[in-house]
Each structure stands twice: as C-alpha cells, then as structure tokens.
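Visitor: Quick mapping for you: the protein sequence lines, in order, are chains D and P.
Per the numbering used here, the first sequence starts with residue 16, numbered consecutively.
Per the numbering used here, the second sequence starts with residue 326, numbered consecutively.
There's no promise every hint is true.
Stretches of chain D that chain P covers, calculated by requiring three or more beta carbons in the stretch to come under 8 Å of a beta carbon on chain P [claimed, not checked]: (1) 59 to 67; (2) 119 to 126.
If the Cβ cut is set under 7 Å, some of the chain P residues that face chain D in the computed set are [stated by the list, open to error]: (3) 358; (4) 367; (5) 368; (6) 370; (7) 373; (8) 388; (9) 415; (10) 427; (11) 428; (12) 430; (13) 431; (14) 432.
The calculated BS3-like cross-link candidates involving lysine-lysine, where the alpha carbons are at most 27 Å apart (straight line), are [unchecked claim]: (15) 334/P to 121/D; (16) 121/D to 92/D; (17) 408/P to 382/P; (18) 408/P to 121/D; (19) 334/P to 124/D; (20) 71/D to 83/D; (21) 83/D to 128/D; (22) 75/D to 128/D; (23) 395/P to 121/D.
Honestly, the hints are just simulated from the structure, not real lab data.
Just so you know, even glycine gets a beta-carbon here, dropped at the ideal spot from N, CA and C.
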Amino acid sequence: GDSVTQMEGPVTLSEEAFLTINCTYTATGYPSLFWYVQYPGEGLQLLLKATKADDKGSNKGFEATYRKETTSFHLEKGSVQVSDSAVYFCALRTPGGSQGNLIFGKGTKLSVKP
Amino acid sequence: DGGITQSPKYLFRKEGQNVTLSCEQNLNHDAMYWYRQDPGQGLRLIYYSQIVNDFQKGDIAEGYSVSREKKESFPLTVTSAQKNPTAFYLCASSLRTDSYNEQFFGPGTRLTVL
Numbered sequence: 016g017d018s019v020t021q022m023e024g025p026v027t028l029s030e031e032a033f034l035t036i037n038c039t040y041t042a043t044g045y046p047s048l049f050w051y052v053q054y055p056g057e058g059l060q061l062l063l064k065a066t067k068a069d070d071k072g073s074n075k076g077f078e079a080t081y082r083k084e085t086t087s088f089h090l091e092k093g094s095v096q097v098s099d100s101a102v103y104f105c106a107l108r109t110p111g112g113s114q115g116n117l118i119f120g121k122g123t124k125l126s127v128k129p
Numbered sequence: 326d327g328g329i330t331q332s333p334k335y336l337f338r339k340e341g342q343n344v345t346l347s348c349e350q351n352l353n354h355d356a357m358y359w360y361r362q363d364p365g366q367g368l369r370l371i372y373y374s375q376i377v378n379d380f381q382k383g384d385i386a387e388g389y390s391v392s393r394e395k396k397e398s399f400p401l402t403v404t405s406a407q408k409n410p411t412a413f414y415l416c417a418s419s420l421r422t423d424s425y426n427e428q429f430f431g432p433g434t435r436l437t438v439l
C-alpha cells in the first residue's frame, strides 16, 4: 500500500542553521505531496504542497521539490528560527481512489535553539 | 472567519462511557475526516465522509461511530468498545476528496480515559 517515510527526529538545530527533513514515498499512480506543521497543542497547518513531478512548493522560507525519479519530497529551509520549532509531517494523497485521505509519515520534531 | 472548530479541547472519560467529539466547519466543504494521533505514530484515519448522509470507515474505525446529518457537522463518538481511546483527535475537511485538494485541520480534542 501507499506509505510515507520520514527521517526520525528529534532534530535539534541552532538558529540560522540550514534545515533538511527527508521524506520518501511509495505510491501507485501520481500522488499529490504535502508538508504539514504542528505547533505544540495545536492542529495541523498546511505548509506547502506539490501536485505533479518537478513542482516546487514554497512558503515561509520552506521549500520542497517533488522528485518522481527518487520518490522524494524533502523539506528545506536556509535559515531556521526559534519560531520554527514544531513537528513536521510529510503526507500524500493518491488520485482516483474513493477515500481521498492523507497518508502521513510519523512526523519529525524540530527544536531550534537560540 | 472561515475554519474548523472542535470541542471540547480537553475531554476526560471514565472507562465504559461513550463520548462524542464535536467538529464543525463553515468552509462549505463537502468532505470531512477524523484522524487519531498517537505519539510517534503520525495520524491515522478513523472515518471520512464525502457528502451529507454518507460516510466510510477508515483504517482504524473499530470502536468509533460517526454521523453526517448536516454538511457543516461531523461528530465522532468514541464508544466503550474502543480499547485504547486515549489520544489526540483531529478533524479535517476539504472541498472534495480529489487528491490535489488540501485538507484543513481543526485544533484537535485531547481525550483521556481515567
């Protein structure tokens, strides 16, 4: 079945460091890919998305490129801030199915120290 | 403001009791979803609904029930048959179940069984 694999956390970085969170997927067809962020005690917020190969999603300084050849959607940010501390989830949705739900990775907790 | 509301934020239940979690959206979305979040396991789909008066089981529906009598509302009942109900419950909605439609999440309800 379809699945998403994320790098395990927690990830601890100093402010202004470069961030990469790896995400790879297994899916039939051509899924849409998403990154969601969850701040402590809150629901999930969509961070960015890409719906076809080679698309780059970007938001708030975060970027991820849909790489079909490597089935990857790695999240990157050039300079993290303390306020970026949160749990990040990679997710996919496959077209054509009746379910339409998101399939999530297990999440990667990011802590940014001043 | 458009969005998804969930209530209550915290809920405590004694063993053997049924409890109902509320989810309301004013985004005029057709599709609604319930997810369960456990530490280190990402999110798992409990039930989803594509349209009023229709709903389908997700991956972990046992011990749960839902209804969809109104487009705006998708309450989840955690029954006494659910063996391990302590978790964080997230409701989401999307315009439709197409793969490129993003899902919007509510703030969540944390259920604790005493």
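Visitor: So, against the hints stated earlier in the document, which numbers end up violated here?
Guide: Checked against the structure, the hints that fail are numbers 8, 21 and 23, while the rest are satisfied.
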